[in-house]
Amino acid sequence: MEIREATDADVEAIRSIAHDSLNSTYTAFLEEATIDDAIEQWYGDSIADELADDRSLFLVVERDGEIAGFSQSELVGQPALTGHLLWLHVHPDHRDGGTGVRLLVRTRERLLEEGATGIQCFVLADNEGGNEFYRNHGFEQAGQREVEIGDETFTENVYVERDLEDDGEWGAIDELTVDGETIYVSYGEAARGSRSPFYTAYKSEDRHDQYAWFCGNCDSIDNAMDAMGRIECNNCGNRRKATRWDSSYL
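For the sequence shown, position 191 matches number 191 in the UniProt record's numbering, and the numbering has no gaps at all.
Worth flagging that the hints you see were computed from the coordinates, not collected in a lab. Be aware that a few hints might be false.
Below, computed lysine to aspartate or glutamate pairings styled on EDC-like, alpha-carbon distance capped at 16 Å [unchecked claim]:
id, residue 1, residue 2
1, Lys203, Asp222
2, Lys203, Glu181
3, Lys241, Asp226
4, Lys203, Glu189
5, Lys203, Asp179
6, Lys203, Glu175
Work out the full structure, taking the sequences as your base and the hints as a guide.
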């Protein structure tokens with residue numbers, strides 16, 4: 001699984017995924033004509049300008065060389081910036097294996113790297129699955145706003161990150177099966193790697209005992225850590241440098 005910034009060459013795939021995603025999820029409360037209007041409104045001729053805007057962020061996720069989903073975000077505010085995650089679409093054929101949560105995690109990371117001091121996510125109030133997705137991965141509803149789709153107005157729920165009572169770590173956690181083992185990956189506990197972050201993995205959802213490091217580049221837990229805190233993934237070569245406290249001894 002690879003997550004990267006979208007380019008002009010991805011426009012048709014973005015439109016197609018948005019169309020299929022909306023039609024698979026939203027037809028219970030959106031007419032087909034309204035969905036078509038939405039695709040044209042958001043991903044029509046103006047999308048090239050959106051991709052070029054330095055306050056706009058489109059990320060695509062690839063699985064086996066095929067674009068499986070994308071996120072659309074923006075940075076708002078001055079001087080303090082807030083990251084707005086406007087849409088996160090995963091093609092119906094790829095809604096498994098943690099595709100959605102990995103895209104959410106990487107989008108959050110990129111918005112923070114670009115200077116955002118907080119993250120807000122938006123999902124239509126009638127989209128039960130979308131609301132549950134954000135609630136299950138570190139967010140809580142903080143309000144509502146109105147959004148126009150075609151000629152109609154709909155209510156969006158606004159989500160912000162939860163304040164956890166333990167150590168302030170971000171709450172997104174995902175249950176995965178890796179090499180035949182069930183692990184719980186805590187995306188709030190990350191270490192920067194040369195290709196992608198390493199995330200702390202546990203054997204149980206309560207996160208009592210750390211089990212392994214999960215490589216965000218290749219989804220492997222086959223890695224090794226030396227006494228200086230260096231981690232290297234044995235599968236793809238992703239590396240984490242020694243931790244800061246012992247760097248003076250290198």
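Results for each hint:
1. Lys203 <-> Asp222: 15 Å, holds
2. Lys203 <-> Glu181: 9 Å, holds
3. Lys241 <-> Asp226: Holds. Lysine 241 to aspartate 226 sits at ~10 Å (cutoff 16 Å).
4. Lys203 <-> Glu189: Holds: lysine 203 and glutamate 189 sit about 15 Å apart, inside 16 Å.
5. Lys203 <-> Asp179: 13 Å, holds
6. Lys203 <-> Glu175: With a Cα-Cα distance of about 10 Å, the restraint between lysine 203 and glutamate 175 holds, given a limit of 16 Å.
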